[in-house]
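J.: Taken in order, these protein sequences are the chains called A and B. Note that my numbering has the first sequence beginning at 28, numbered continuously upward. Note that my numbering has the second sequence beginning at 33, numbered continuously upward.
FYI, nobody ran anything at the bench for these hints, they're computed from the structure. Bear in mind that the values here come from a model prediction, so they are computed numbers and not experimental data. All clues stand as given, with none of them false.
Each computed SDA-like pair below joins lysine to any residue, with the alpha-carbon atoms no more than 25 Å apart: (1) A:Lys284 / A:Arg344; (2) A:Lys274 / A:Arg202; (3) A:Lys198 / A:Leu318; (4) A:Lys130 / A:Glu159; (5) A:Lys130 / B:Asp110; (6) A:Lys225 / A:Ala235; (7) A:Lys130 / B:Arg123; (8) A:Lys130 / B:Pro109; (9) A:Lys130 / B:Ala124; (10) A:Lys130 / B:Ala126; (11) A:Lys130 / B:His98.
For each label pair, taking beta carbons as the anchor points, the in silico distance ranges come out as: (12) B:Ile127 / A:Arg87: 36 to 44 Å; (13) B:Ser66 / A:Gly138: 32 to 40 Å; (14) B:Arg65 / A:Ala105: 27 to 35 Å; (15) A:Glu177 / B:Ser66: 51 to 59 Å; (16) A:Arg163 / B:Ala124: 38 to 46 Å; (17) A:Leu55 / B:Ala81: 28 to 36 Å; (18) A:Leu137 / B:Ala124: 21 to 29 Å; (19) B:Ala81 / A:Arg172: 50 to 58 Å; (20) B:Ala94 / A:Leu137: 20 to 28 Å; (21) B:Ala81 / A:Arg163: 47 to 55 Å; (22) B:Val128 / A:Glu177: 56 to 64 Å; (23) B:Ala72 / A:Arg163: 42 to 50 Å.
Sample of chain B residues at the chain A side, in silico, Cβ under 10 Å: (24) Tyr49; (25) His97; (26) Ala112.
For glycine and all other residues, C-beta sits at the position ideal for the given N, C-alpha and C.
If you want the building blocks of each chain, they are given just below.
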Amino acid sequence: MIDVNDSAIVRVAAVAPCNVMVVDDDELTRAKLASLLRLAGYEVQVASSGEEALRVLGVRPCHIVITDWEMPGMNGLALCRALRLRDGERYTYVLMLTVHGDKNDILVGLGAGADDYLVKGAQVEELLARVEVGRRITRLEHSLRVTGEENRRLSVTDPLTGAQNRRFLMKYLPRELERSRRYEHPLAILSCDIDDFKRINDGFGHEAGDEVLQHFMTRASSCLREAIDWIARSGGEEFVVVLPETKLVGASCVAEKIRLALTGQPIPTSAGPLSVTVSIGVTALETVHELATISVVELLRAADHCLYASKNLGRDRSTCMRPELAASMLSAAPAGARNEVN
Amino acid sequence: MKSTERASCTAIPAAAYDEQFQELRGVFCARLRSDRRRLAVLSAELARAETNATPVYTDIRAMAHHLGGAAAVFEIPDVAELAYSLEQAARAAAIVHADNADPAVWSALESLVDLLNAMNGEMANGERYAQSAA
Chain A
28 MIDVNDSAIV RVAAVAPCNV MVVDDDELTR AKLASLLRLA GYEVQVASSG EEALRVLGVR
88 PCHIVITDWE MPGMNGLALC RALRLRDGER YTYVLMLTVH GDKNDILVGL GAGADDYLVK
148 GAQVEELLAR VEVGRRITRL EHSLRVTGEE NRRLSVTDPL TGAQNRRFLM KYLPRELERS
208 RRYEHPLAIL SCDIDDFKRI NDGFGHEAGD EVLQHFMTRA SSCLREAIDW IARSGGEEFV
268 VVLPETKLVG ASCVAEKIRL ALTGQPIPTS AGPLSVTVSI GVTALETVHE LATISVVELL
328 RAADHCLYAS KNLGRDRSTC MRPELAASML SAAPAGARNE VN
Chain B
33 MKSTERASCT AIPAAAYDEQ FQELRGVFCA RLRSDRRRLA VLSAELARAE TNATPVYTDI
93 RAMAHHLGGA AAVFEIPDVA ELAYSLEQAA RAAAIVHADN ADPAVWSALE SLVDLLNAMN
153 GEMANGERYA QSAA
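Here chain A stands alone, though its shape is the one from the complex:
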């Protein structure tokens, strides 16, 4: 297997740490492979069976598994299959290293989920080269996964404020409503609109306008429960705050906190400190009847109706109404009232 007379063995230390697990029931084989891999710059852990490998991997995942085929208990094939079931979280590259060298054995090994197959007795250089292939592939897979996650995050995030975007709102608000329906728990939303935003943009520039939006997001977020409530930027200067498990009274308190958080201190901008106010419409689904009959669109519309009421009453305030009342009030409002907002 080894011929290192004159040529040195290429050492492939991973740029990022690369963990390799050696699974073999033979203690000396494990020791030798582990020493070799450590010399080559890999971090190594060992296991003597498939069961032990899975147990250790559950605690400390690794990038590459080099496994024997025949082992007492769970063999290498079963280990491969079990690892493939875990690929959702992180891909584990599997190199099967065994004495089984028939073509059919190789097909069976690869069919069980091994990425590569090497017969024991191959040169050390070949083993290390193949492990390096595994390191490259797992690194690429990791980078692909990170990029995918980042793309997913960006696709539902407003880049300016970091709030969720409208796409997220229209995807996850229905889910919140479904959950509230299932458990018959209340659900409140706030429709927020920064007052006179056009005047800020026109008078102080878009940069200042952007800074106002960012500060609104920061201050509003500080008034919410972490990992429960969330904010989406639904339009230019419009935000929707979603408050699961919250009744109208509680939502009204949150709305006032947000309003005061914004108006309490001028916002520092590149055009100087600006006093900014916000109008908020608050509504909530509380009863089983409301939960069962009011749709997401109707809920958003009700919050908007309350928002219009706040605007029409002079801005810098919050208005709370149950959805059905908000709907009936809007139907009674004069035509064009909606256009008076802002």
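Chain A is fixed; fit chain B onto it per the hints.
T.: Okay, now just chain B, sitting in the frame of chain A:
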């Protein structure tokens, strides 16, 4: 990034490699002596298994598999090859429930034991196999 990549692709000096594995290989060669004794025991069991030799063939196959894999990893190809032949012969004999006189198994068994005996003698004299570890 680039320089890190280049710097990380250094080489394991052959001397470091030898130093690292000399001891492990010595342990493996010592283990070959107990493997030889185990094969002798299995030979005796096979000779006695006149009614049902299949369990002994199964044990021989497992033993040969284990020995062959380790020998391959420890770069003793002649042991690895003979162990592989024995494994194959014992597997075939177990499948067809051959009697205890399967010629392929006995031939492979004797070849392997002879080789281990020879190695044992050489190792005792500090020759080939022990030397090759250095």
